[in-house]
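Each protein sequence line maps, in turn, to chains A and B. Per the working numbering, the first sequence starts with residue 204, numbered consecutively. Per the working numbering, the second sequence starts with residue 273, numbered consecutively.
Each hint should be verified, as a subset may be incorrect.
[Unchecked claim] Okay, derived cross-link-like pairs now, DSS-like style, lysine-lysine, Cα gap no bigger than 30 Å in a straight line:
#1 B:K338 <-> A:K695
#2 A:K517 <-> A:K219
#3 B:K333 <-> B:K322
#4 A:K517 <-> B:K338
#5 A:K720 <-> A:K699
#6 A:K517 <-> B:K333
#7 A:K517 <-> B:K334
#8 A:K219 <-> A:K695
#9 A:K219 <-> A:K543
#10 B:K338 <-> B:K322
#11 A:K695 <-> A:K720
#12 A:K720 <-> A:K219
I should point out that these hints are in silico values taken from the structure, not numbers from a laboratory.
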Amino acid sequence: MGGPDRKTRREFPPAKILCGIETEFGIIRRDVEESDPVVESMELVRSFRETSFGTWAYEEEDPRADARGGRVDRLAQDEEEEAFVRSDLKRGFSFRESKSDRILKNGARFYNDHTHPEYSTPECLSIRDLLLFDRAGTEILREAIRLRESVLGVPGALGLYRNNTDFHGHSYGCHENYLLPREMSFDEIVRGLTAFLVARIILTGAGKVGQEGDDGQRVYGYQLSQRADFMEVRTGVDTMQRRPLVNSRDEPHADSARYRRLHLIVGDANMSEWQTAIKVGMTRLVLGALYLRPEPIVELEDPVRAIREISRAKEGRVPIRCRDGRTMTASEILSFYREKVEPVVSGPEDRWIVDEWDRALGDYNADPRRLSDRVDWVAKSILLEWGGEEMGLSPDDPGFQSLDLAYHDIDPHDGLFWPLEEEGSIQRLTRPEEVALARVSPPGRGRAPIRAAILARFGDRIQEAGWERIIFSGGRSVDLPPALDGDEQEVKNLVKKIEALDDPSGLDAIVNAMEEKGEKNVGR
Amino acid sequence: MSVAERMSRADYNGGSIPGVFGYEDQDRVPLPSRKGGGPDAPAPKNLDPKPIRDRMIDRMKKVDPKQSERYRQRTGE
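Only chain A is shown next, with the shape it has when bound in the complex:
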């Protein structure tokens, strides 16, 4: 396998890698002994009214398509999923009612996914946009809580958590998406990226009290990553069981002859904006470097075991065996990757990422506590120390897990993260006035503003809409190219043209022009 060699590849800098993140939130009712998570998640989503469109185009989704080839007949989670669907149907809700999918005015998707409210950012071309639209999601969730609680008549009834575990073996994700040229083969991505994904948790981990998964469960001990316990295989198409370090779902939400979407499920849900920025920023640069030089940088002997070992080792410091027989620490692996990305660094945002990468590794190597203003696992461990001392908790006290959970509470008055950020003890990279705008407006570039304009102009004539496809009543449909090129002015001009259209048929010329422009970078 493998794509064309580097000499035949067109220029595709990391800044052209369209990216987005999808975050599932844990949800509870605090005011009742028992509640139905399907109903709670569904009603929470429905309570948020600032939507742009409400009928999702599920036909563009195919979680069984496998980038390693073909399409699997069944997923490992099918049996459990089917049982859930059967029980959900007994509640009297249709599939669509249960999902309650919404496309928001800012281009994001907000829906009930497996009983978790999920917010997916619109497609973004800059890390800065990604942070703004991710943070806007937190504001949207908070507003949805307020609205739902007003209906319930019980302030404080709902708790939402941006984390990845219920501490009882159930995990939910914060997935990353990177749109790549199709010529970059899945095999070369897996071989080149896996060691990086394993090692990056020393900078991207959200921290967790206890241990879960097939190694047994315990309430004590502290580890760097929330997700490491749940990673079971190196690669695979499943996401709810046999979770892979590199997911092979082949669902580009774009022309599959030209693009592939890398869908990563291995990452933690971070509270720290800096970590979200560095997680996606570093990964995008590594993918850019792999595109230029499609060869493994470091290959680990057993990456699944390695991510657990790093996560559970004190400060993540443990030697990891590579396939060539040498051993490397996570910090050494990240330093090695850092060196390899230098040739693809272009522009101030890339430079910011690598400068922060350098600084963070330097601080980690000197003393990880120096990362307490950026890294959740470090900040949380300090809080747990304080709480344990002050409250006299024994090391195996389950109260530590409650403090861990409270760190991820998105309520600004209850969550343990927010005072740290408010006091400046943890860096905030976004400004509130920018986030407020990102809540109601799409990004200025890429496909999202075009989709938003079409939904605004022709919403009453649209039957279904998804990331890529918009289906009009009567059968006409348009597939939106990812629009990796074009500055804000060009996008603004396209939006004006869409606004001026009398009939959706006029979209064809606009889409053709977008596709033609896109050919410059990613051809067939």
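Start from chain A and add chain B according to the hints.
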């Protein structure tokens, strides 16, 4: 506010306020960067044990210690 309404605003800039999400913002960095970490670098503003610790202890004492035992979610993705 609809796209049409936003476009009628004088400050409309393709779905963004000027200079916030713009393409030109690729020339901006999210934060002033302090180059180089490690033992000789100036310490970042870490958790200050005095005022923030007291505030955090107060907040942690309000956390229900049994919350995590009751917390149950379905597997997601």
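Quick rundown of the hints versus the structure:
1. Taken as a hint, the B:K338 and A:K695 pair is broken in the structure, with Cα atoms around 52 Å apart against an allowance of 30 Å.
2. A distance of roughly 37 Å separates the Cα atoms of A:K517 and A:K219; the hinted pair therefore is violated under the 30 Å criterion.
3. At roughly 17 Å between alpha-carbon atoms, B:K333 and B:K322 fall within 30 Å of each other, so this suggested pair holds.
4. For the given pair, A:K517 sits about 27 Å from B:K338 by alpha-carbon distance, which is consistent with the 30 Å threshold.
5. Our distance criterion of 30 Å between C-alpha atoms is met by A:K720 and A:K699, whose separation comes to about 18 Å.
6. Among the hinted pairs, A:K517 with B:K333 is consistent with the structure: their alpha-carbon atoms are about 27 Å apart, no more than 30 Å.
7. A distance of roughly 29 Å separates the Cα atoms of A:K517 and B:K334; the hinted pair therefore holds under the 30 Å criterion.
8. For the given pair, A:K219 sits about 19 Å from A:K695 by alpha-carbon distance, which is consistent with the 30 Å threshold.
9. With a C-alpha separation of about 19 Å, the suggested pair A:K219 and A:K543 falls inside the 30 Å cut-off, and the hint holds.
10. A distance of roughly 28 Å separates the Cα atoms of B:K338 and B:K322; the hinted pair therefore holds under the 30 Å criterion.
11. Under the criterion of a C-alpha separation no larger than 30 Å, the hint pairing A:K695 with A:K720 is consistent with the structure, at around 16 Å.
12. Under the criterion of a C-alpha separation no larger than 30 Å, the hint pairing A:K720 with A:K219 is consistent with the structure, at around 13 Å.
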